[in-house]
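Assemble the whole structure, with the sequences as input and the hints as a guide.
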Amino acid sequence: MNIRYEQIQGRSLGFYALVAGLGVLILAALGAVWHMEHNGHWVTGMSNRIVWGMPHVFALFLIVAASGALNVASISSVFNKKLYKPMSRLSGLVSLALLAGGLMILVLDLGRPDRLIVAMTEYNFKSIFAWNIILYNGFFVIVAIYLWMMFERRMNKFSSKAGLSAFTWRLILTTGTGSIFGFLVARQAYDAVIMAPMFIIMSFAFGLAFFILILMASYKWTDRPLGDVVVNRLGNLLGVFVAAVMYFVAVKHLGNLYLAENAGVENFILFGEYVYSDLFWYGQIILGGLIPMALIYHPALRSNRSTLGLASVLVLIGGVIQLYIIIVGGQAYPMEMFPGKEILEGYGGIAAYTPSLAEIMLGVGGIAVALIAVTFLVKFLPFLPESLADEVSDPHHKS
Amino acid sequence: MYRFLVVFIGFAFMSIANAYENPLTGNSEAAKSSKQYHENVSVIRKMHPEFLNHKRDKTLRQGVRTEENSLKGCVNCHANKDETTNEYHSVNDKDQFCSDCHQQVSVSVDCFSCHRTTPGASYKGVR
Amino acid sequence: MSKTLNRRDFIKTTTATTASVATIASGITLTTFAANANENPVTNEKRWGMLIDTNRLTEANIDGMVTACKKEHGWGSEAHSTGDQKSNWIRKLKVKDKATGKVTSLPLMCQHCEEPPCVDVCPTNASMKREDGIVLVDRHLCIGCRYCMMACPYDARSFVHEDLTDQKEDMPRGKGTVESCTLCVHKVDKGEAPACVASVNSDAVIFGDLYDANSKINQTLKKVQSAQIRADLNLNTGVRYSGI
Ligand code: SF4
Ligand code: SF4
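As you go down the protein sequences, you meet chains A, B and C in turn.
Here the first sequence is numbered in my numbering, starting from 1 and rising by one per residue.
Here the second sequence is numbered in my numbering, starting from 1 and rising by one per residue.
Here the third sequence is numbered in my numbering, starting from 1 and rising by one per residue.
Please note that a few of the clues may not be correct.
What the hints assert, rightly or not - Distance condition first, Cα-Cα at most 25 Å in a straight line; then the derived SDA-like pairs of lysine to any residue:
(1) Lys94(B) x Asp163(C)
(2) Lys129(C) x Val118(A)
(3) Lys129(C) x Phe125(A)
(4) Lys46(B) x His78(B)
Quick caveat, the hints were computed from the structure, so don't treat them as lab data.
Remember, it's a predicted structure, so these values are computed and weren't measured experimentally.
See the structure below:
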């Protein structure tokens with residue numbers, strides 16, 4: 001069966017309202033950037049102890065999600081699952097858009113964003129950060145080629161090869177992102193081999209949550225049919241990914257708890273009296289893990305799109321919180337400079353961090369950039385199938 | 001299209017040249033000294049960014065600390081002293097040594113986000 | 001002791017004498033460089049280091065070192081930055097041994113690691129190590145990503161959080177870039193000792209060439225017990241401590 005793709009019309013009031021709303025968020029973010037760069041980082045909550053704050057939380061969240069959003073396309077091209085095929089184009093698009101949003105935040109939070117050209121021309125090949133720059137750029141190119149092959153009929157036959165390389169590339173990319181922390185040997189919080197695989201699983205969950213939301217919203221707002229088969233399949237998949245994230249989180253923390261040298265930082269995150277413990281239990285575990293799973297798997301809520309949407313939103317919120325704990329919490333805990341000794345003065349203690357409004361606005365602006373990119377591109381190029389009704393996506397479906 | 005570009009660039013260079021047809025004026029060591037420090041003034045005008053970049057790498061990375069092409073040297077010699085207050089003007093202040101040209105061709109100077117813009121306390125004048 | 005020094009230092013004991021480098025004691029400049037020393041690139045025949053004897057160093061000495069560094073480089077008086085946002089190149093630490101209860105005060109600055117994590121992680125090569133072991137930030141290339149600050153095990157680096165003016169003539173510094181102790185490289189290149197070392201009027205802090213068998217630091221390191229902070233990370237620091 002041939003799938004027909006079509007642009008959205010994008011002339012309704014709702015469309016313009018969406019664009020305007022996102023535009024405002026982006027302008028606010030640019031204002032925030034001007035404020036921070038003009039004055040310097042003293043206007044933020046960041047310091048020499050918490051060197052990466054809210055912008056990095058959002059940036060890494062989006063970058064991680066970006067690689068996960070490609071999942072749907074990968075499942076169709078690499079694992080040859082027909083059901084996902086019609087959604088491949090959108091999957092690639094969401095993936096690129098999220099990456100663009102994340103990178104924008106990362107660049108605009110640099111001390112010298114005006115020197116971006118230096119970052120692009122001076123490479124230290126020993127630095128995992130430099131490798132990440134290459135990986136991100138490569139990801140853009142590869143996914144763009146992949147999309148083109150899906151769009152261009154003559155190239156269709158190569159699209160699964162391209163899909164395979166995009167899939168491989170994204171696994172490396174997320175590993176690279178996770179390794180940014182893995183190389184920080186002196187910081188107890190990041191001293192875990194499990195970091196890289198955990199980031200991959202996190203990317204699956206966050207990326208899929210973004211994808212589900214964007215898919216459901218665009219079909220609803222354009223009145224296109226979206227059948228239960230697709231929705232339920234994606235919902236189940238999200239549930240599995242969320243469970244997998246929780247499993248990895250459990251393994252990581254339990255492992256650390258029994259490793260004497262990391263017990264300190266573990267107790268600080270899990271059972272300390274700082275905000276990070278509340279964020280962990282209430283935010284990451286309950287809000288971002290248990291509730292979404294309940295919403296997805298509760299039999300009474302099957303095929304219920306509102307609750308699936310809510311579950312996806314919660315997964316995303318939980319994801320931001322999880323990255324906040326990893327990035328900010330990991331820095332707040334002091335480094336063990338003198339094992340066996342206690343530092344009385346001069347260094348130590350839990351570093352304080354209160355994110356400024358500007359930092360949060362920059363982070364939210366990154367998400368807005370990703371969404372506005374998707375909004376415009378589905379208007380100008382045929383990314384979305386005309387219909388994802390059950391008989392289209394699954395010809396053997398019997399209703 | 002190309003022709004326009006050439007003409008445009010030509011104008012841009014002419015305006016630099018015009019600005020500097022007259023010898024150095026003002027109240028700086030360089031203007032007062034009779035000694036010629038640069039072998040060829042037009043070369044230093046055109047090439048000073050390359051010279052400075054080359055020198056900065058040698059100084060910072062290799063510890064070569066000769067006076068030739070040192071930015072500190074430029075500032076020491078070319079900063080103008082205010083006649084009345086006897087204080088130095090920053091070389092990147094409006095119409096001062098660096099900005100005079102740079103503002104005409106609208107090329108921003110990045111040096112002085114870190115480097116000081118007047119001779120330091122230990123500077124005792126030209127040798 | 002010799003094991004913690006680099007393999008190279010004994011190989012070249014025979015040639016070292018030709019360079020007319022005499023002992024450098026704190027506070028006094030004894031080195032006589034050839035007139036053209038500053039014209040030639042530094043080489044890896046030297047490795048600059050420091051030995052800090054915490055038993056002989058008083059708290060007032062340490063405060064004096066911090067003040068001398070501030071005065072030389074101009075950090076710490078940033079107008080808008082607060083608390084941990086202010087630059088801090090060298091600090092006074094007080095540590096208590098949990099077993100014995102002994103309290104030690106020591107100055108902590110960039111340890112000028114031979115295998116510096118800050119250099120490894122820097123994406124643009126802005127963090128760099130000179131041939132003679134001095135670790136610097138090339139602010140012309142620094143994009144202010146702050147990854148090096150995440151990587152440094154000694155919290156030795158600072159990010160400049162605001163616009164600066166009227167910098168010290170030998171120490172360009174500016175908003176949006178990262179900085180740390182330079183081992184007073186501008187002085188070392190002239191044959192002088194770092195400002196903090198010069199501020200201490202005793203042998204409690206010794207500065208010199210670790211490789212040079214005739215240098216005071218080399219000879220003292222052979223005699224006394226010394227340690228590196230976080231020696232377990234195998235960074236082979238240039239700054240060593242005795243008495244901790
Ligand atoms: S102490 Fe820190 S800043 Fe200094 S060389 Fe080592 S890692 Fe780099
Ligand atoms: S902040 Fe500057 S010196 Fe540090 S890693 Fe980034 S570019 Fe390198």
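Quick rundown of the hints versus the structure:
1. With a CA separation close to 19 Å, the supplied pair Lys94(B) and Asp163(C) stays within the 25 Å bound.
2. Straight-line distance between C-alpha atoms of Lys129(C) and Val118(A) comes to about 19 Å, which keeps the hinted pair within the 25 Å bound.
3. Of the supplied pair hints, the one linking Lys129(C) and Phe125(A) holds, its CA atoms being roughly 15 Å apart against a limit of 25 Å.
4. With a C-alpha separation of about 17 Å, the suggested pairing of Lys46(B) with His78(B) holds against the 25 Å cut-off.
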